[in-house]
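First to last, the protein sequences are chains X and P. Residues in the first sequence are numbered consecutively from 211, following the working numbering. Residues in the second sequence are numbered consecutively from 2, following the working numbering.
Note that these hints are calculated values from the structure, not bench results. Some hints could be false.
[Claimed, not checked] Restraint ranges, calculated between C-beta atoms of paired labels, are given here:
no., chain 1, residue 1, chain 2, residue 2, range
1, P, Ala97, X, Ser228, 27 to 33 Å
2, P, Asp18, X, Asp275, 48 to 54 Å
3, X, Val213, P, Pro9, 29 to 35 Å
This structure is a prediction, so every number in the text was calculated from the model and none was measured. All C-beta atoms in this analysis are idealised placements derived from N, C-alpha and C, irrespective of residue type, glycine included.
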Amino acid sequence: GAVVSQHPSWVICKSGTSVKIECRSLDFQATTMFWYRQFPKQSLMLMATSNEGSKATYEQGVEKDKFLINHASLTLSTLTVTSAHPEDSSFYICSANPRTGKNIQYFGAGTRLSVL
Amino acid sequence: GENVEQHPSTLSVQEGDSAVIKCTYSDSASNYFPWYKQELGKRPQLIIDIRSNVGEKKDQRIAVTLNKTAKHFSLHITETQPEDSAVYFCAASTQAGKSTFGDGTTLTVKP
């Protein structure tokens, strides 16, 4: 089956530093990947759509200069949380669609970010 | 944009009983409706899905129904077991793959 790998699974950082999260599709190509954020006991909120070879599309209210997304290849998208603050602490999850046109999403295992 | 509402937010049933979770969506362009089960700290796990050209789909103890005219879809779990306890999310997705999630239902199955 389709596998999406996400790293790191858990990261603690100091306030003001930047953190990079990687999302890789291991056995399929993904022209589109999605980044979600999930606060405790809440739903998954779409942050942005990552498009291979072009700029990401951000959802309303998501700061594109704070959450930098790069989709450099058909199997890798990265999310960089810049100048992280405690309120950025959350569970970040990526997902990817195989190029089958069936819009099924395969999720990464998620990254728990704690900003001190 | 799409808006997905999910009810109830919490559901407690006795083992062996059935559980029903309902969702409504607003965007008629949505054509794919997955249901996910999420355990604490884990990724969402797809348990069943339905496309807009189908009214009902069943997989063992799990079934999903879709009323495209009314823009609502439901998850049915029969013969519930304690291991069914988790948070369940519905979602509505467009052809481009962009998904909007419901707020989730915490299902507790009491032995």
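Verification of the hints:
no.	hint	in the structure
1	P:Ala97 / X:Ser228: 27 to 33 Å	holds (29 Å)
2	P:Asp18 / X:Asp275: 48 to 54 Å	holds (50 Å)
3	X:Val213 / P:Pro9: 29 to 35 Å	holds (33 Å)
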